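Undergrad: Here's the letter readout for the chains.
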Amino acid sequence: MNHVFKRWFSAAVAAGWVCCGWVPAMAHDFPVEVRNCSDTARFESPPQRAIVNDVNMLQTVLDLGLAPRVVAVSAIRGREHSMVAPADVVTGLRQFSPHYPSLEAVLGENPDFMFAGWNYGFDAARGVTPRALAQFGIGSYTLRESCIRIGPREPMSMEVMYADVLALGAIFGVRPKAEALVQSFRDRMTVLSRQLEGSGKRPRVMYCGDCSSTSAPLSSGKQGMPALLAHLAGGLNVFDDIQNSYVRVSWEEVVQRDPEWIIVSDDRIPASRHIAHLLRDPQLRDVTAVRERRFIAVSYAQRSPSTRNVETVERIARHLHPERFVP
Amino acid sequence: MKAPSLSILIPLLLCSLAGVLVLSVALGTVTISPHSVVGIVTSELFNSASPPSWTRGERHIVWELRAPRALLAAAAGASLATIGAVLQVLTRNPLADPYLFGISSGAALGAVTVILYAGAKTTSVALPAAAFIGALLAMAVVFFASRSPSGTSSERLILTGVAVAFLLQAVTNFLIFNTLDRGADAAIFWMLGGFSNARWHVLPLPVVVVLTGVGWLLLRARVINALALGDDAARSVGVDPFALRLELFVVTSLMTGATVASCGAIGFVGLILPHVARMLTGGDLRRLLPVAALGGAVFLVGVDVVARRVMLPREVPLGVVTALIGGVFFLLLMRGRRSL
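Read top to bottom, the protein sequences are chains R and S. The numbering of the first sequence is the working numbering, which starts it at 425 and goes up by one. The numbering of the second sequence is the working numbering, which starts it at 14 and goes up by one.
Just chain R, with the same shape it has in the complex (with noise of 0.2 Å):
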């Protein structure tokens, strides 16, 4: 009798293993389906042979540990040193396309899915869009924060990142590793509007794109992303009466909106190239942040929607309001 108990018990322990164990946990999550700008995406199986366009998303799928199933990237040339992730693991990524690419260049890697945003490698004219590859039978998922390109989407948030890790999270079969990481998140961006809580006055922040040169330079509106973390960390941006996202704006009106703090683009051009102009402009003199020399450069996946926001909000804090992080 006893025996018997031990044989029905040790299979219910292996039924329950292998229902609630690793395997199934990836089998009776799918299909999924995820929210892609307006559409409906769905996922029969976790892909295998994803591609990855451009530094910022690229960088979001590496923190979700996804390199595995990367088969090729796109459009990373030259940006390789900022990407935050062991050294082999960039270096094993093989890059398809050193720009945007074309449709015949995805259909080469003959890929299962591809994550690229509109403007970051997703473009009607040159015929890759996410309808475009599922006729192909390729699925995709569109960086959220891009979707603002094509039409309406909700007010600009950490919560329009949290979603792109979130959907991938769905996509590739890592829900609990992607839940976990945006629950840090949210701690983290908790602890820190309590540490700002009450720091009174917040200083004038403008974001400075294309500045190493006097052709008018690209700054952020109100639905930027680089205004977004210039108010997360207790900033205000000069450029927020734009209801845009990166915007050309005028020399003229940066001195007359006088910044505090110019948060730097550190991108193909490096920010050394673009303070060394800030502080050459005659024009820019009186600029409050140029004459106290106070810049902070951000690099593309910084400043882009992509898992390194969060850790770039506190770092722009910490220069913005040092009182509040005296230990």
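These aren't lab readings, by the way, just hints derived from the structure by calculation. Check each hint, because a few of them may be wrong.
Residues of chain R clear of chain S, computed beta-carbon distances all greater than 12 Å [stated by the list, open to error]:
#1 700
#2 719
#3 721
Examples of chain S residues lying across from chain R (beta carbon under 10 Å, computed) [stated by the list, open to error]:
#4 42
#5 43
#6 79
#7 124
#8 211
#9 327
None of the values given here were measured: they were computed from a predicted structure. Every residue, glycine too, gets a C-beta built ideally from N, C-alpha and C.
Position chain S relative to chain R; hints supplied.
TA: Okay, now just chain S, sitting in the frame of chain R:
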């Protein structure tokens, strides 16, 4: 130099066309072995069921992207060169090209509107459809604005077309400026022209319109010849120049619209190819048009191969290569001739 006879030129051009079409399917930004390319094409054409030795991606590239792309390039080249040849006679202006009447600006406005405002709902059919509608609207505006009680002279037609082109361009540029972060790059890429959106299901419109149009113009070539001598000379041989001009305006506009709708505004072909063809055949449209059509097809398919291979893995915008190759070729050709 004695003009070579059509019985030599036409077979020569047909062979060249077959040659560049094969190259266009075999070569692209992705390298696929010739064995696989031949296998994919034969299995698609003859529905053979042998187990494939190529990947699904390779099949998609060769059959779903490159094959329709090669055919679209041929149709566009033939269309643009034929239209250019006819318009140069129609307006008695050696600088006339298919974009003279603002048709391409209308198409660009249609396409850019879709790119900027339809977003994800943009299907590969919606883009050419919107561009074609834009082209038709531009044509209608030019048509009605250029009418006058005394009939439509070619100067009137050209000037109205230029005004409409500037007007529509201004609207397009404003849309792009106003939505800088919403696909302006895409809009500009489209305006430069290219074949990267060619698919089987977008082929019917341009191919049918272009073949019909080229056929129509060939049949009318003898009558159009009369216009080259001026309105009075045309009347003296029983051709009503005003009616003929409007007929040709409508036919070439429809062809331009269908071409621009499927591949954007590709410059230079419609301007230069007719002159090259004229150097070979002389001004008689009955000889000129078939040579211009085939020459345009060979040229564009060939240039598209170069554009895809010259800066791997990037595609150079087609307009850049057509202008470079076409310009150098034309300058060399001019140096070789005293007259003109």
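Undergrad: Now tell me if each hint is right for this structure.
TA: Verification of the hints:
Annotated as non-interface, residue 700/R keeps its C-beta farther than 12 Å from every C-beta of chain S; the closest such distance is 27 Å. Distance to chain S confirms residue 719/R as a non-interface residue, since its nearest Cβ pair spans about 24 Å, more than 12 Å. Every beta carbon of chain S lies more than 12 Å from that of residue 721/R, the smallest distance being close to 23 Å; the non-interface claim holds. The closest approach between the C-beta of residue 42/S and any C-beta of chain R is roughly 5 Å, which is under the 10 Å cut-off, so the hint is satisfied.
Checking residue 43/S against chain R: minimum C-beta separation of about 3 Å stays under 10 Å; hint holds. The interface hint given for residue 79/S is met, as the beta carbon of that residue sits about 8 Å from the closest beta carbon of chain R, less than 10 Å. Hint on residue 124/S holds. Least Cβ distance to chain R is approximately 8 Å, under the 10 Å limit. At its closest, the beta carbon of residue 211/S sits 9 Å from a beta carbon of chain R; the interface hint therefore holds under the 10 Å criterion.
Satisfaction of the interface hint for residue 327/S is found here, the shortest Cβ-Cβ separation to chain R being roughly 6 Å, below the 10 Å cut-off.
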